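Q: Use the sequences and the hints to build the structure in full.
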Amino acid sequence: MEQLLYTAEVVVNGLMAGVMYSLVALGFVLIFKASGVFNYAQGVLALFAALTLVGIQQGQVPFAHLINAITGSHLEHFGWTVPSLLAILLTAGVMILLALAIEKLVLQHLVGQAPIILFMATIGLAYFLEGLGDIMWGANVKSLDVGIPQGISETAEAWTAQLTGYGFFIDRLDIWATVIAALLVAALVAFSQYTKQGRAMRAVADDPQAALSVGISLRFIWIMVWSIAGFVALVAGIMWGTKSGVQFSLSLIALKALPVLMLGGFTSIPGAIVGGLIIGVGEKLFEYSIGPMVGGATENWFAYVLALLFLVFRPQGLFGEKIIERV
Amino acid sequence: MTLRFASLAAAAVLMAAGPAMADLVVPHLSYRTGPYAPNGTQYADGFNDYFTLLNERDGGIGGQKILTPECETAYNTEKGVECYEATKGDAALIYNPMSTGITYQLIPKAGADQKVLYTPGYGRTSAKNGKVFEWVFNAPANYWDGASVAVKHMLEQEGGDVNGKKIALVYHNSAYGKEPIRTLQELGEKHGFELMEVPVDPPGQEQKSQWLQIRREKPDYVILYGWGVMNQAAIQEAANIRFPMDHMIGIWWSGSEVDVQPAGAGADGYKSLTFNGVGTDYPFYDDLKTHVIDAGKASQGGQYVGSAVYSRGVYAALIIGEAIRTAQELAGSPEIDAAQLRDGFEALNITEERMAELGLPDFGQPIQLSCENHGGAGMARLQQWDADEQKWSLITDFMEPDAEVLAPLIEEDSAAYAQEAGITPRCG
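Residue numbers (the working numbering), protein chains in the order written: chain A, 290 to 616; chain B, 107 to 534.
The set of hints was computed from the structure by calculation and includes no laboratory data. Incorrect hints may appear among the rest.
[Unchecked claim] Think about it this way: if two alpha-carbon atoms lie no more than 20 Å apart in a straight line, the pair counts; the simulated EDC-like pairs of lysine to aspartate or glutamate are:
no. : chain 1 : residue 1 : chain 2 : residue 2
1   : B       : Lys324    : A       : Glu446
2   : B       : Lys324    : A       : Glu419
3   : B       : Lys185    : A       : Glu419
4   : B       : Lys403    : A       : Glu446
[To be verified] To list a few chain B residues with every Cβ distance to chain A over 12 Å, as calculated:
no. : residue
5   : Gln291
6   : Glu343
7   : Glu458
8   : Glu459
9   : Glu510
Being a predicted model, the structure only gives us computed values, none of them experimental. Backbone N, C-alpha and C fix where the C-beta goes; we use that ideal spot for every residue, glycine too.
A: Next up, the structure:
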């Protein structure tokens, strides 16, 4: 009985961890769905967004070190702090500006190029943004607090203890992440199904040439998609940054999203969620049951094994569209 | 950024003209980018600032300026080796790569090239045995010393008896994190505690499984051997499961401000080992302020001065500086080569009085090295985090590790290396 309860606790926590992976995977899906580009920079976008949010919140002077080095001044902070909600809105604005700049300076010049060229461009973008974030906000670890609580949910612990005799560990941050992810997915689905811009985005995704021929602006769609992906990155950055501080390793959470994408498919929003849940539960259960026999630390590689297993039977992923190219 | 420009300029000058023969060249393999940058940057700043102070205040050591051309490794072993190869020209005296992975690669190379490798508090533990590792020094303490002192502290906490207790080792699943396992197993046999090994794959942002396991198995103590984001995630998860923070002890690489600050009040009471003082309450910092910070010559404007990892960078530079000074005295000349620096290290004797003269009384333990002993006494002390005050406080004196357990392990491991590398032990 005890083992069963422990397993149930691992499953619940695996589902929660899966939601955190899905938050990152969603950004990849949005851009791939609309433009066929695998955005290597998505993890760095999350980092950049979180750095910007903390910087705005704490009233940090951007590029302070650079300005100080050139002018000999000692600038650090403006001397004010910005409320969390306003800081989030301002950061979302920065992400829209970033999307505009990416479209203007990079994507516009690569229209009609092969996907691999666009993919290579996003690799360059990732390293550029990493450096830009460093120069703008510094490399130190920053605490992020937007009011989302962390730590064990005592309500869930008491409730499960009453029900089963064993109090489950459920992190309040994970509960919040689940609610936020659900709202985000609902909003994204509603946007793509029921708004003019959303339908235009789907039209471009289905057939770019046909979409262009009916007057849809590819430029507008790309800016819009990169802006939305930037916002999703901001949400992922907030959740992961709250968990362990905002720092450069935050960009590596993209590694956690890759197996989710392989499993759920690169073009499906529900796929990103379901894929995340399967990966989360799968890796946690494997670590719990098999990990101790093989020395532990199995999660990083097992997530990919799980994704590969699914790929063997369904190459386009669980929810991905099968690509048929006729010659 | 000031530092980076300065370092680039220094490197460019070096590459273009080469150092003057009289300069003391200490290539600085640092990491200011990548996932480990928050700690790497602070250490690099402290390392640079100490030598800048010597150059500005004293005109260098023995009248010779110290050059520290910086090379970015990003804590990546391949890049670290590239940096070594690119900078090992004749004038380079010593390397302090700040990475156990890079150290393992450089040990045979440094021996072949006759360069000193100095790895304070990291690297290959058995390099303490100078009979086998002629060119490597790891004073004042190593990973095994750290594990032993952590257990010693637990013994003190438990009234001298940890028999039947369970101790979890949460470790970075790398060469570094695995170093203390054997020591803790041996100490477990001696003192009767059960060791629970909990590896975390780097970088380690996600540790839910590991901490659920700890919550289920309820160890009495947790020892943390982490680095980078793994530390912040581990301390946060420990707070999440309400693990008593004063029963969680990190190695010195899990004991910086950036490790505990993201967890906020949850990190209050967390302990870590250290072999250097923290804060700026030492006379040394008056000189640093006058000659380096106020003169606008501090690395990155001196923003990390006094932090735990910055202080460790200062301490590493201080020990190298003292070894250079000793080497100059032995050679009877301010111009020395790497072989003479090795001799200087082997004759190194930093007393409490000398530390006071340097403006850092009680900052570090006395260090006396020899041909046989490249690791010093291996003492460490504990610091505890005060989340309200946002600072570390030293809570114990320096404690000696358990030589009875460690000495045979060092002998065994270094003998295995000597056999593998075909080294004939030296020192008569």
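Q: Holds or violated: B:Lys324 and A:Glu419, Cα atoms, limit 20 Å.
A: 40 Å, violated
Q: Would you check the hint for B:Lys185 and A:Glu419, treating anything up to 20 Å between C-alpha atoms as holding?
A: 18 Å, holds
Q: Taking the minimum C-beta separation from B:Glu510 to chain A, is that value above 12 Å?
A: Non-interface label stands for B:Glu510: nearest chain A Cβ at 29 Å, farther than 12 Å.
Q: For the pair we were handed, B:Lys324 and A:Glu446, check the Cα-Cα distance against 20 Å.
A: 17 Å, holds
Q: Is the claim that B:Glu459 lies outside the interface with chain A correct, judged by CB distances over 12 Å?
A: Nearest chain A Cβ is 36 Å from B:Glu459, so the label holds.
Q: Is the Cβ of B:Glu458 more than 12 Å away from each Cβ in chain A?
A: 33 Å, holds
Q: B:Lys403 and A:Glu446 were given as a pair; does the straight-line alpha-carbon distance stay at or below 20 Å?
A: Violated, at roughly 54 Å.
Q: Beyond 12 Å from chain A, beta-carbon-wise, is B:Gln291?
A: 14 Å, holds
Q: Checking the smallest CB distance to chain A, is B:Glu343 really beyond 12 Å?
A: Non-interface label on B:Glu343 violated, nearest chain A Cβ at 9 Å vs cutoff 12 Å.
Consistency note: the structure conflicts with the earlier hints numbered 2, 4 and 6.
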